[in-house]
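Given only the sequences and the hints, what does the whole structure look like? Please build it.
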Amino acid sequence: MPASTDTPSLPRLATREVLLRKRRGWFFGLSGDQFVKYVFQGNAAISIIVLALITLTIFKDAVGFLPQNHQNLRIYRLAGLEYVDLFREQVTAHSTMSRYLASVRAQRLDLLLNKEGLAPAAAMTRLADFDAFANQFADTINEQETLLGTMTDLTTNLKERQKVAEDLVEAKRNYLDAIPGAPPERAAMLQTKADVIHPEVIDFKGEIQPLLAMRPEIAAANARQMAALKALLAQAPKFTDADLNRRMEKLQGFVSDYFQEVEAVVPKMAAWDQTKPVGWLESFNAFAFGREWITASFWQDWYGILPLFAGSLLIAVIALCIAIPLGVASAIYVSQVARPIEQKFIKPYIEFISAIPSVVLGFFGIAMLGETLRRVSQMPSLSWVPGFPMSERLNATTAACLLALLAIPTIFSLAEDALNNVPRSFKEASLALGATRLQTMVRIIVPAALSGIVAAILLGFGRVIGETMVVLLCAGNRIAIPNLGAGLGVIFQPVHTMTGIIAQEMGEVPHYSLHYRALFMVGVVLFLISLLVNWLAQKIVRRYRIVAT
Amino acid sequence: MVTTLAMPEPVAPPAAPRPVSVAPAAPVNPAARAVIEIDDVDFCYGASKALHDITLNIQERQVTAFIGPSGCGKSTLLRCLNRMNDLIDGAKVTAGQIRIDGVNIYDPRVDVIELRKRVGMVFQKSNPFPKSIYDNITYGLRIQGQKNKARLDEVVERSLRGAALWDEVKDRLHESALGMSGGQQQRLCIARAIAVEPEIILMDEPCSALDPIATAKVEELIHGLKKQFTIVIVTHNMQQAARCSDRTAFFYLGKLIEYADTRTIFMNPANPQTEAYVSGRFG
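So the protein sequences, as listed, match chains H and C. The working numbering puts the last residue of the first sequence at 556; the count rises by one with no breaks. The working numbering puts the last residue of the second sequence at 300; the count rises by one with no breaks.
There could be a bad hint or two in this list.
One side only, chain C facing chain H, incomplete, derived with CB under 10 angstroms [unchecked claim]:
(1) V127
(2) R135
(3) V136
(4) F140
(5) Q141
(6) S143
(7) P145
(8) P147
(9) L169
(10) D170
(11) R209
(12) A212
(13) L227
(14) I230
Some chain C residues well away from chain H (every beta-carbon gap over 12 angstroms; in silico) [to be verified]:
(15) D106
(16) N144
(17) D152
(18) R175
(19) L190
(20) V295
It should be emphasised that the hints constitute simulated quantities derived from the structure, not laboratory data. We treat Cβ as the ideally placed atom computed from N, Cα and C, and that holds for glycine.
Pasting the structure below:
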């Protein structure tokens with residue numbers, strides 16, 4: 008461009024000078040680029056460090072569970088609780104039979120009232136025979152219950168003393184730990200305080216002698232009980248109804264099973280070894296494969312994750328069964344079939360669902376869904392459905408219906424992305440060969456996007472298994488392994504979940520107690536599941552990504 | 018089916034060999050029948066008009082090349098011939114007719130699925146499905162309900178031989194098609210197109226992504242294919258048009274400037290714009 012000669016041209020540096028010129032920093036000697044780089048670097052570093060610290064803390068608190076639970080199980084054995092539980096099983100088995108008799112009675116009463124049309128008073132007189140039998144049957148356990156009561160008192164007392172002693176040891180250690188570094192006066196005071204504490208050292212071996220000494224008594228009582236039961240069964244009442252008679256015969260079977268159990272109890276108790284050490288693996292297994300989660304019990308706490316894990320899994324599976332067809336089908340529709348105007352409407356609408364706070368969904372579940380489901384389940388025309396009518400308003404299905412709602416946006420969005428990422432050229436090639444739109448979709452586009460769809464489903468699973476509020480409010484919160492004996496009806500049982508238990512109990516447990524650490528262990532399990540799900544999803548996407556040439 | 022629309026010739030049964038017409042030494046065969054008749058066609062993408070008043074006839078079993086600078090509408094016209102433009106929202110033929118075997122393919126009664134079975138297409142970028150070579154070739158037949166394994170095997174071999182690919186891939190028919198080289202992939206796409214035995218094959222710049230050796234192979238293939246098929250090819254490469262086509266149409270800004278046999282277009286064009294383009298002075 009020809010410069011006009013009137014205007015003075017700007018001074019121009021030689022290339023040599025420009026190339027070697029030092030760039031002046033404007034922020035503490037940093038140039039703009041460097042400054043921005045350090046800001047981002049700092050942010051990234053902070054988030055990584057914070058995440059690492061959180062993970063570490065959780066793991067640290069969780070790992071402490073193992074030695075504490077080990078101690079818990081050790082006391083269970085030393086104080087003889089395990090020994091008493093061997094005997095308790097027998098008593099529990101007996102009461103199961105008594106309950107069975109009660110159910111037979113209920114059936115009989117129902118027959119008398121509804122089939123024979125008797126008045127309640129008359130029905131009661133007809134039942135008098137049976138009631139006398141049932142009462143005598145129940146009475147056969149009285150001796151054992153008394154014995155068990157005595158044993159329970161002995162051992163709980165022992166455990167209580169051990170607990171007090173442990174607390175004192177802890178207090179003493181706290182005083183002693185505070186001495187180094189304290190001013191001399193205070194140190195002296197702490198020392199005297201520590202000195203007056205004399206925690207009891209319990210001689211478990213000696214203390215449980217009375218317990219062991221009761222064995223002959225138990226054996227004698229058991230022998231008497233078996234004789235009484237035999238005599239009683241010989242004069243068991245007979246019914247006119249065939250079904251009831253069959254049930255009574257079944258009782259005979261139960262009793263002979265019970266006899267076997269009773270005969271095994273005393274030898275088992277004799278074989279019990281108080282001094283057998285508790286293995287570390289036992290402490291872990293009691294958590295990983297424990298079938299019971301019992302806390303704050305006067306007797307013995309158990310922290311087995313199985314009921315919670317099974318509950319979470321059951322809910323997640325039901326939720327996915329609902330969410331996968333809905334989410335994937337709508338993704339296919341929106342990405343392949345819908346007109347642009349429908350896309351504009353449907354996509355934000357589905358994604359909007361994830362904006363509903365889960366506590367609101369849970370509230371909706373309690374207030375509306377649970378009740379509606381129960382009403383529907385009570386309709387006589389639906390009685391063929393397994394599990395209907397539902398006994399509980401809040402159960403795994405109630406929660407799963409709402410969780411499905413939360414998983415649908417995740418599955419929908421990711422599956423839709425996967426479908427949209429299928430190269431357009433595949434679609435064109437298929438159509439140009441004379442395929443219909445449906446054929447193109449089913450044979451080309453969905454298979455090509457399958458890895459993405461599977462990843463979407465996995466992440467939907469992650470979303471469901473990690474969800475807390477909805478399950479806490481709507482799953483029924485009964486801590487028990489779902490009873491698969493109910494067949495498909497299992498999905499209408501109330502369950503508790505891993506997330507729910509943490510939310511429910513974490514606020515109430517003393518810090519660093521065994522219970523507290525058990526909850527952290529549950530948290531770690533959740534963490535590992537999420538990690539696994541995400542890792543798998545990524546792996547699948549990477550492994551099967553279509554290389555668009 | 019197109020046959021239901023009173024197509025003059027019934028389709029030959031697939032197994033029977035087609036009558037092979039000897040390719041004429043001279044590029045023009047005056048006796049050849051016009052299989053595609055394009056009459057006064059206007060085409061719009063929404064409000065913008067992409068084709069103005071195009072009229073040309075395409076002869077049976079000849080290679081017809083569409084040339085012209087980018088954006089001249091040659092690909093658009095090609096995609097009108099099997100109605101691939103239907104996939105684009107707001108794109109439509111606003112005037113005129115395109116007749117194949119005398120049937121207006123934009124007639125509402127025309128089954129577009131059947132049309133595309135008769136008018137195959139090979140795309141600019143090779144686009145094999147992420148399936149095995151075998152499944153790629155048989156896709157077109159399988160969606161028509163062909164399940165007979167022996168028949169499918171036969172078609173795979175015939176199509177791959179037809180696309181000069183058989184010897185290269187016969188030992189790995191069940192491996193993924195995505196593992197082939199670019200040129201092989203494009204020939205696979207041609208094999209896939211001829212497996213459904215169309216009348217007409219449309220090729221949209223089939224060699225633009227290929228190296229010269231692969232290009233030469235495809236061109237050779239085109240030369241062989243015209244014994245059986247009517248081929249319409251869009252190309253940017255003028256040497257390619259000159260080498261492998263019988264007739265050439267030159268488009269510019271959505272208008273057909275000149276349409277004649279290839280020798281005339283390249284040696285003795287009537288229109289100065291054509292002359293400027295083929296001699297490389299613009300475009």
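A quick look at each hint next to the structure:
Proximity of C:V127 to chain H is violated relative to the hint, the smallest CB-CB distance being about 13 angstroms (cut-off 10 angstroms). Annotation: interface hint on C:R135 holds; nearest CB of chain H at approximately 8 angstroms, less than 10 angstroms. Restraint check, C:V136 versus chain H: the minimum CB separation of about 8 angstroms is within 10 angstroms; hint holds. Hint status for C:F140 relative to chain H: holds, with the closest Cβ pair at about 6 angstroms, below 10 angstroms.
Checking C:Q141 against chain H by beta carbon gives a least distance of about 9 angstroms; that is within 10 angstroms, so the hint holds. Taking 10 angstroms as the C-beta contact cut-off toward chain H, the hint placing C:S143 at the interface holds, the least distance being around 7 angstroms. Hint status for C:P145 relative to chain H: holds, with the closest Cβ pair at about 8 angstroms, below 10 angstroms. At about 5 angstroms, the closest approach between the beta carbon of C:P147 and any beta carbon in chain H falls short of 10 angstroms, and the interface hint on this residue holds.
Hint on C:L169 is violated. Least Cβ distance to chain H is approximately 15 angstroms, over the 10 angstroms limit. The criterion of a C-beta within 10 angstroms of any C-beta in chain H is not met by C:D170, whose closest approach is roughly 19 angstroms, and the hint is violated. Residue-level restraint check for C:R209 holds (minimum Cβ-Cβ distance to chain H is 7 angstroms; threshold 10 angstroms). Interface hint at C:A212: satisfied, since its Cβ lies 8 angstroms from the closest Cβ of chain H, which is below the 10 angstroms cut-off.
Below 10 angstroms, beta-carbon pairs count as interface contacts, and C:L227 has none with chain H, the closest being about 12 angstroms; its hint is therefore violated. Proximity of C:I230 to chain H is violated relative to the hint, the smallest CB-CB distance being about 18 angstroms (cut-off 10 angstroms). Once the 12 angstroms rule is applied to beta carbons, C:D106 is inconsistent with being away from chain H; the minimum gap is 7 angstroms. The Cβ of C:N144 does not lie farther than 12 angstroms from every Cβ of chain H; its closest approach is about 4 angstroms, which violates its non-interface assignment.
The beta carbon of C:D152 is not kept farther than 12 angstroms from every beta carbon of chain H, the shortest such distance being approximately 10 angstroms. C:R175, annotated as away from the interface, keeps every beta carbon of chain H farther than 12 angstroms; the closest lies near 16 angstroms. For C:L190, the condition that its CB be more than 12 angstroms from all CB atoms of chain H holds, with the nearest at approximately 18 angstroms. Distance to chain H confirms C:V295 as a non-interface residue, since its nearest Cβ pair spans about 30 angstroms, more than 12 angstroms.
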